[in-house]
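As they're listed, the protein sequences go chains Y and F. With the first letter of the first sequence counted as 1, position 145 gets the number 162 in our numbering; the numbers rise by one all the way through. With the first letter of the second sequence counted as 1, position 122 gets the number 161 in our numbering; the numbers rise by one all the way through.
Heads up, a few of these hints could be off.
What the hints assert, rightly or not - For each label pair, taking beta carbons as the anchor points, the in silico distance ranges come out as: (1) F/254 - Y/53: 33 to 39 Å; (2) F/242 - Y/44: 53 to 59 Å; (3) F/67 - Y/44: 40 to 46 Å; (4) Y/65 - F/242: 39 to 45 Å; (5) Y/232 - F/242: 25 to 31 Å; (6) F/295 - Y/133: 40 to 46 Å; (7) F/90 - Y/68: 49 to 55 Å; (8) F/246 - Y/28: 32 to 38 Å.
Hints listed in this document are in silico derivations from the structure and should not be mistaken for laboratory results. In this text, a Cβ means the ideal position worked out from N, Cα and C, and glycines have one as well.
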Amino acid sequence: MMINRDSEWVRMFNRRAAVLAGGQAVLVSALVGRLYYLQIVESDRYMMLAEDNRINMQLLKPPRGRILDRFGQPLAINQQNFSALIVPEQVRTLSDTLDALGQIISLSELDHERVKKEASRKRGFLPITVRENLTWDEMSRIQVNAPDLPGVTIDLGLTRYYPQHENAAHLLGYVAAVDEADLTGDPLLQLPGFRAGKEGIEKVYDMALRGKAGASQVEVNAYGRIIRELQRDEGEPGADVVLTIDERIQHYAAERLGPESASVVVLDVHTGDLLALVSNPSFDANAFSRGLTSEEWKTLSTDDHKPLVNKAVAGQYSPGSTFKLVVTLAALEHQVISPEQTVSCNGRYMLGNYVKRCHKVHGSVNMTRAISMSCDVYFYEIARRLGVDKIAAMARRLGLGELSGIGLPGEQRGLVPTEAWKKAARNERWSTGDTLNVGIGQGDVLTTPLQLAIMAARVANGGLAVKPRLVRPATGVDQPPDAQAETAMPSLGISEKHLAILRQGMSDVINAPGFTTAAVARLRFKDPERRTWTMSGKTGTAAVRRISVTEREAGPREPGELPWHLRDNALFVAFAPSHQPRYAIAVVVDHAMGGGGKIAAPIARDIMERVLELDPSRKPRVDDEQIATATAEPPA
Amino acid sequence: MSDIGFLTARLRRGNMSAVEKLCQISWSFVMWLCVIATFGFAMLYSAAYGNWDPWALPQMVRFVVGLGLLIAIALIDIRIIMRYAYAFYFVILVLLAVVDIRGVIGGGAQRWIDLGVINLQPSEMMKAAIVLALARYFQGISLDDIGNPLALLAPLLMVLAPFVLVLLQPDLGTAGVIVMGATVMFFLAGVRVWKFVTIGVASIAAIPIAWSFLREYQQNRVLTFLNPERDSLGAGYHILQSKIALGSGGLFGKGFMQGTQSHLNFLPERQTDFIFTMLAEELGLVGALTLLSLYVIVMIYGFAIAFRARHQFGRLVAAGITSTLFFYFFINMAMVMGLIPVVGVPLPLISYGGTALLNLMLCAGLMMNVWVHRDVQIAQRGGFSDL
Chain Y
18 MMINRDSEWV
28 RMFNRRAAVL
38 AGGQAVLVSA
48 LVGRLYYLQI
58 VESDRYMMLA
68 EDNRINMQLL
78 KPPRGRILDR
88 FGQPLAINQQ
98 NFSALIVPEQ
108 VRTLSDTLDA
118 LGQIISLSEL
128 DHERVKKEAS
138 RKRGFLPITV
148 RENLTWDEMS
158 RIQVNAPDLP
168 GVTIDLGLTR
178 YYPQHENAAH
188 LLGYVAAVDE
198 ADLTGDPLLQ
208 LPGFRAGKEG
218 IEKVYDMALR
228 GKAGASQVEV
238 NAYGRIIREL
248 QRDEGEPGAD
258 VVLTIDERIQ
268 HYAAERLGPE
278 SASVVVLDVH
288 TGDLLALVSN
298 PSFDANAFSR
308 GLTSEEWKTL
318 STDDHKPLVN
328 KAVAGQYSPG
338 STFKLVVTLA
348 ALEHQVISPE
358 QTVSCNGRYM
368 LGNYVKRCHK
378 VHGSVNMTRA
388 ISMSCDVYFY
398 EIARRLGVDK
408 IAAMARRLGL
418 GELSGIGLPG
428 EQRGLVPTEA
438 WKKAARNERW
448 STGDTLNVGI
458 GQGDVLTTPL
468 QLAIMAARVA
478 NGGLAVKPRL
488 VRPATGVDQP
498 PDAQAETAMP
508 SLGISEKHLA
518 ILRQGMSDVI
528 NAPGFTTAAV
538 ARLRFKDPER
548 RTWTMSGKTG
558 TAAVRRISVT
568 EREAGPREPG
578 ELPWHLRDNA
588 LFVAFAPSHQ
598 PRYAIAVVVD
608 HAMGGGGKIA
618 APIARDIMER
628 VLELDPSRKP
638 RVDDEQIATA
648 TAEPPA
Chain F
40 MSDIGFLTAR
50 LRRGNMSAVE
60 KLCQISWSFV
70 MWLCVIATFG
80 FAMLYSAAYG
90 NWDPWALPQM
100 VRFVVGLGLL
110 IAIALIDIRI
120 IMRYAYAFYF
130 VILVLLAVVD
140 IRGVIGGGAQ
150 RWIDLGVINL
160 QPSEMMKAAI
170 VLALARYFQG
180 ISLDDIGNPL
190 ALLAPLLMVL
200 APFVLVLLQP
210 DLGTAGVIVM
220 GATVMFFLAG
230 VRVWKFVTIG
240 VASIAAIPIA
250 WSFLREYQQN
260 RVLTFLNPER
270 DSLGAGYHIL
280 QSKIALGSGG
290 LFGKGFMQGT
300 QSHLNFLPER
310 QTDFIFTMLA
320 EELGLVGALT
330 LLSLYVIVMI
340 YGFAIAFRAR
350 HQFGRLVAAG
360 ITSTLFFYFF
370 INMAMVMGLI
380 PVVGVPLPLI
390 SYGGTALLNL
400 MLCAGLMMNV
410 WVHRDVQIAQ
420 RGGFSDL
């Protein structure tokens, strides 16, 4: 009995223990299967994840390339700069640390919010910039208080610095924090505190200036602390950009303009090198580099002199009488008038029963006299004979109505109207009245100061299609450093005879004996070599408002009687020396206290004298080797 | 021949000398334990970046002490062990209660009692104690009694009491191991399968109630297990990092002391609960399967002892202890592989921890004890039966 019972116990136990062992064997197989899945099947994926965990790529910011003028004068460089960074995972609490930091250096509410927002988006071990551009004083105060500020570090970085401040600011542009929209593939853009070119040369040559990011591969632990550096690639510093600008001329021109809202373009008529491209008033690009306050922004953006606009390329002006160069050449080419043939000016020009006035009664004028006196009646007449399309064709050949090709952001095309254009744009028929307006550079025709300078240069250089150039070719290979070398340029097919007649007229504008429109623009060199040098030019005074009949009856008003924004624009285009043209200039003064001859011409004269004195085109430019060295060494 | 026959008779009688018992100890079994433990020392050495301190050396010392404990327990007469099984159980139960009460008073959850030499974790010891107590109980009743539901009431309470106390600590993993160990005991003792089903269904019904008893972090762990993407930087982070470590180990691993996940702190608790992850990362699938095989060998010994034992108490103790060992390593490994939620169960003989190691050596000692006393006749009511 007892034995039976016992064997029954044993049998049941053995049965059940076998089931149990079997069950456990199944579970062990599950472990084996899982191990196989993780370590063999999915191994590659997990290996990659483990590497991702372990290895952190840290981009090394390459120093941004410098911007130099043609003689190597620095226009944009990098300056050492201290910023306060905070590593969120190393602080006790973020807001406490920020408060503590705020006791030492000034932090705005905005800074607090921005840091907290960034901290919530980034991984805890990534440093966040709290404030940049610390003064030495602030930096040392943070260092001294370092024990009380865990997680706060000082970073020595490079910031963009424009040593010329307001000089050439439009041209150079500025750098600023990267917008979301700019986030292209370049990993550099995601670096804290990285600045990208926003305007001007900084924007156009951003890629070259930026350089290539270096990278440091570091092994980090789970907390993001760096254990060791595995690999380091220094990257490439940004390339320097050498401009054609002569900083001295640029600077002088800006100074000469004073408080006027105005622009000046100086161009080498043979090479197209832009020696100055000035838009006044300007702004200090350094303010953009460090970040504008809203106050500063408001001041800049609401100023009616528009300091933020590069008027030299983005300002579109009625060319006024400077456009008569175009009309003259068109008239000669199409032989609608001979140079000697005269037109009688009695101060008015009848078109049907509509009267167009001349600013003066000139009497009988031939072509050179019409140019030098700027007789509107003469030009009404030849414009009428030509028709607008022939004028437009010549305007385009001289570079009007199209982009110059220098590529500055914001550059405008201007407008060279044609019959077809008016039909397309306004669905109106072109009228002879329109043609007359175009004949004196009013009406729909619009030009930029840069285009006016190109026009003057093409007249001066014998009708070659010179293209303006702002940046010296990056390699220096296609352009020998010899300043005398002239690039072979296609001819515009304008007869040299016609150009000579026009140039004579332009010379007479300034240099004809007796009183002239722009006698003030006579060069004043005293030295024997240059004493005989003259400048040739053309004035322009462009109305910016429609003059009503009653106003016309009352007679012209003095500019001083008008509010600033209603005054005429004063223009002047010129080249010099007259006998062997080398430089062309265009000056546009917005809403001036007088016409082109009174206001713009003396400015052009002063600047041209300076240009001729310095004669930058004849001096060797900063040579390639020098630039190469400058590029290789990061600027201190 | 006669020698052996003589020995067998004395084995059956149970009045062996200490030397005879020593000879009876399966030294190959002890050797396998040493191999597993050595594995552990190596991993603890690696976990400390190639230092014997702070883990490997203390663990070795404890293991040597544990070996002494194992042999000592193996030599005790099994009937004495049976006699004191309940007493041992109650002492541990009281210690559990003390830990819990102190936790309530002190405000902080503590799982151990400082005994000066060692921080004793009663919940660990309970894993062995419950097996002993239940084996003692089922040795004492007949197969007919087991069919009687009332007879199961006492052992059920014996399980429930420590379960609740451990759960209150709160230590979900250990509570689970205790219940699973006990379930195995009931099963082996012959309790009808439908009763398990009934209890199982009732337990599932009680899950919502149990849920409310779980601390928030435990609830999170379960939820995260059910949906690992729920919180990739919180509780799920550990599972994910553990899987990355395991997976990146590949077939042969990254090499001893070369584990990046473990050494760069991506793994939590690499010296205790996640030590298997580090092992598998550094030694690969080969290393992981080697360790698994060693455990399987120890389990085979355990079941062999259970099948070979001539008394119900020995059978139940051997199978129960073996299963407890199984639950230890299964839960630990399944947890680090992301098969079950993260619960704090150490890897037997490998994880750093005094009580767990001593408890395991105690368990191994009990297994050996059953082996040494496999043929001893035990009366139904225990004690030294007549010949």
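**OP:** Quick one: which hint numbers does this structure break? Sort them smallest to largest.
**Re:** 2, 3, 5 and 7
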